[in-house]
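Start from the sequences and build out the full structure, keeping to the hints where you can.
Chain by chain, the residues run as shown.
Number of protein chains: 2
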Amino acid sequence: MSRKRGPYAKSDHRRSALSEAALRLVREKGHRNVVVAEIAELAETSEPTVYYHFPTKESLLIAALKQHDDENVRAPGAEAGAIADMGSRAEIGVRRTNYARLYNELAGAAADPDHPANEFFQQRWARSIEIITTDIRRLQTAGRVPPDLDAETTAHLLLAAWEGLQLQWMQGPQFDIRARIEGHIRALLGPLAID
Amino acid sequence: MSRKRGPYAKSDHRRSALSEAALRLVREKGHRNVVVAEIAELAETSEPTVYYHFPTKESLLIAALKQHDDENVRAPGAEAGAIADMGSRAEIGVRRTNYARLYNELAGAAADPDHPANEFFQQRWARSIEIITTDIRRLQTAGRVPPDLDAETTAHLLLAAWEGLQLQWMQGPQFDIRARIEGHIRALLGPLAID
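Taken in sequence, the protein lines are chains A and B.
Note that the numbering used here numbers the first sequence so that position 195 is 195, with each residue one more than the last.
Remember, the numbering used here sits 195 above the position in the second sequence when you count from 1.
FYI, nobody ran anything at the bench for these hints, they're computed from the structure.
Accuracy of the hints is not assured; some may be wrong.
[Unchecked claim] Straight line, CA to CA, 25 Å or less: simulated SDA-like cross-link-like pairs of lysine to any residue:
id, chain 1, residue 1, chain 2, residue 2
1, B, 261, B, 322
2, B, 252, A, 109
3, B, 252, A, 33
4, B, 224, A, 113
Right under this line is the structure:
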């Protein structure tokens, strides 16, 4: 894509600043305790400007989820190692309590396809499955995972279990989510998939 | 437990009637479209009586979840066959669109331990894990599942994946959830676990 100039670049910059401010305040205070005026203040803009870009608080919260993924999800070409990292990332993820509560609440609400967060979650699953599938195929090529395993189906199962385990951990009681996820990886991909 | 008599029995009966009415209306119309007055009418009682038993609409919706499980979850001693049924039950579950949307929304919200649905989900996970663990042990005794497999850990993974798959199916795009779950069972428990 060509680099945007002038008013469009400025608008993109404003949106990014608002997304970053929303994410930072969600992490600090929890999404229920964040008000739009604070997001405006942190992003050094006015409330009307916020509402021009994000008409509802919910749309700002969805922007916070996207911002989090922009900072955390592997870029195309950087999939190698994603499986080895799943356990530790899950462990970090559940300890980001405020962020994880927002994530789980919007994920549940997005089970209704008319919910404004639905598109985000559809795209997130697609990209996550792509990342894990790519890493399984790399391990198959390296002879560390059986070649007859269906990479995409297995990626789907690994991610679905992660999603369910994270939700159950948040609801409680807590357990060793890293060990559970790494045990799952070994059970599905074989003992050589991770060190 | 001894059988309740008199006013307590009547109160229990009223609560059951309200839970059943709430569940029926959720199934028919979706929880966002149900109003407390309709639940009162269907249960043949007054709105003040509803609020006496269930102070908020949300508490009625949680009662609807419990009612659904009372009708659908295996009783102690009836765990045999639970694993063989997982795939078909998942397939039925995602097609109960209105109920599944309520379930997912409250499950996500219950990631906050202060949410009023949290206790329900904690108890639900505990009972579900118990059911699947019991059925895995039965299959181990019958020689259909390897004896060294940790039954409880595997039960947890099977249920977590079901939870995540159901959520992703609801968010879309849809896929063959029965085949995915039965493939997972065979991958974790071995080819003889289900027919």
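Practice prompt. Tell me, in ascending order, the numbers of any earlier hints that this structure violates.
Written response: Of the numbered hints, all hold.
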